[in-house]
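Taken in order, these protein sequences are the chains called A and B. Per this note's numbering, residue 1 is the first one in the first sequence, and the count goes up by one each step. Per this note's numbering, residue 1001 is the first one in the second sequence, and the count goes up by one each step.
If you're looking for bench data, these hints aren't it; they were derived computationally from the structure. Treat the hints loosely; a few may be bogus.
Pairwise CB distance ranges, derived in the manner of DEER restraints [claimed, not checked]:
#: 1; chain 1: A; residue 1: S41; chain 2: B; residue 2: C1013; range: 35 to 43 Å
#: 2; chain 1: B; residue 1: Q1024; chain 2: A; residue 2: G85; range: 21 to 29 Å
#: 3; chain 1: B; residue 1: G1060; chain 2: A; residue 2: S28; range: 43 to 51 Å
Straight-line distance between alpha carbons at most 20 Å, and here's what the computed EDC-like set of lysine to aspartate or glutamate pairs gives [unchecked claim]:
#: 4; chain 1: B; residue 1: K1065; chain 2: B; residue 2: D1087
#: 5; chain 1: B; residue 1: K1007; chain 2: A; residue 2: E44
#: 6; chain 1: A; residue 1: K16; chain 2: A; residue 2: E61
#: 7; chain 1: A; residue 1: K3; chain 2: B; residue 2: E1058
#: 8; chain 1: A; residue 1: K70; chain 2: A; residue 2: E15
#: 9; chain 1: A; residue 1: K70; chain 2: A; residue 2: D55
Sample of chain A residues lacking proximity to chain B, with all beta carbon distances greater than 10 Å (derived) [said to hold, decoys possible]:
#: 10; residue: S42
#: 11; residue: Y50
#: 12; residue: E56
#: 13; residue: N76
#: 14; residue: R99
#: 15; residue: T102
#: 16; residue: S105
#: 17; residue: P113
Ideal Cβ placement from N, Cα and C applies to all residues, glycine included.
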Amino acid sequence: AQKITQTQPGMFVQEKEAVTLDCTYDTSDQSYGLFWYKQPSSGEMIFLIYQGSYDEQNATEGRYSLNFQKARKSANLVISASQLGDSAMYFCAPDTGRRALTFGSGTRLQVQP
Amino acid sequence: SAVISQKPSRDICQRGTSLTIQCQVDSQVTMMFWYRQQPGQSLTLIATANQGSEATYESGFVIDKFPISRPNLTFSTLTVSNMSPEDSSIYLCSVAVDSSYEQYFGPGTRLTVT
Chain A
1 AQKITQTQPG
11 MFVQEKEAVT
21 LDCTYDTSDQ
31 SYGLFWYKQP
41 SSGEMIFLIY
51 QGSYDEQNAT
61 EGRYSLNFQK
71 ARKSANLVIS
81 ASQLGDSAMY
91 FCAPDTGRRA
101 LTFGSGTRLQ
111 VQP
Chain B
1001 SAVISQKPSR
1011 DICQRGTSLT
1021 IQCQVDSQVT
1031 MMFWYRQQPG
1041 QSLTLIATAN
1051 QGSEATYESG
1061 FVIDKFPISR
1071 PNLTFSTLTV
1081 SNMSPEDSSI
1091 YLCSVAVDSS
1101 YEQYFGPGTR
1111 LTVT
């Protein structure tokens, strides 16, 4: 079974600063993708960013970027210039090809003014 | 992208009753999934629902408790049967876009069982 580890149950960041959310995963598959989702208090799951295991460049989407280290099996999410609306739960999840996702335990991010 | 709607958005139900949750997507997709998120927990996959075949359930979830229908490529239902307070959760459907890595979630159904 896959194991996904998000070691930070909670994080605080000041508005306008950058924050890094950790994610490590355990898979023997060579080909996989790694998703990050945001879940605000409303409960919806919002897709943020995706990294394919064969992508040579770290993925970026606006203020979101991934620090992908394949050898270490880590894909940390970096949020730049934090905003109050970034306060939410953040989940990482690998996709090893079956398309169904196994989620980490999540990190609750709180952005402080 | 895919736009997904779920009905109902929330409900309060009595123990012993059943609730059917609907998931509608605005484009045809082969793979749909149902997840459960218990209070304060992460998401757990209940089952994979592919059109034209029986749903595939994950360990710990059974068809008698969570029957699923997938009548076409844009629609699925999940029924939570004989509910108990332990079934109080957010239930989310998601889709995997064909020929793409993209996966999107519906807004969720927040269920409370009293």
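Checked hints:
Hint check: S41 of chain A to C1013 of chain B, Cβ distance near 22 Å, so the stated range 35 to 43 Å is violated. About 27 Å separates the C-beta atoms of Q1024 of chain B and G85 of chain A, a value consistent with the hinted range of 21 to 29 Å. The beta-carbon spacing between G1060 of chain B and S28 of chain A, approximately 23 Å, falls outside the hinted interval of 43 to 51 Å. At roughly 10 Å between alpha-carbon atoms, K1065 of chain B and D1087 of chain B fall within 20 Å of each other, so this suggested pair holds.
With a CA separation close to 14 Å, the supplied pair K1007 of chain B and E44 of chain A stays within the 20 Å bound. Under the criterion of a C-alpha separation no larger than 20 Å, the hint pairing K16 of chain A with E61 of chain A is consistent with the structure, at around 17 Å. Proposed proximity of K3 of chain A and E1058 of chain B is supported: the alpha carbons are some 16 Å apart, at most 20 Å. Proximity of K70 of chain A to E15 of chain A is assessed by CA-CA distance (about 30 Å); at most 20 Å being required, the pair is judged violated.
In summary, the hint linking K70 of chain A to D55 of chain A is supported, as the alpha carbons are separated by about 10 Å, within the 20 Å threshold. Distance check on S42 of chain A: its Cβ comes as close as 8 Å (rounded) to a Cβ of chain B, failing to clear the 10 Å threshold; non-interface status is violated. The beta carbon of Y50 of chain A is not kept farther than 10 Å from every beta carbon of chain B, the shortest such distance being approximately 6 Å. Listed as outside the interface, E56 of chain A is consistent with that label: its C-beta sits roughly 16 Å from the nearest C-beta of chain B, beyond the 10 Å cut-off.
Interface exclusion of N76 of chain A from chain B stands, the closest Cβ pair being 18 Å apart, more than 10 Å. Taking the minimum C-beta to C-beta distance to chain B, about 4 Å, the non-interface status of R99 of chain A is violated against the 10 Å cut. In this structure T102 of chain A is not separated from chain B by more than 10 Å, as the shortest Cβ-Cβ distance comes to only about 7 Å. For S105 of chain A, the shortest C-beta to C-beta distance to chain B comes to about 5 Å, within the 10 Å cut-off, and the non-interface label is violated.
Every C-beta of chain B lies more than 10 Å from that of P113 of chain A, the closest at about 26 Å, which supports listing it as non-interface.
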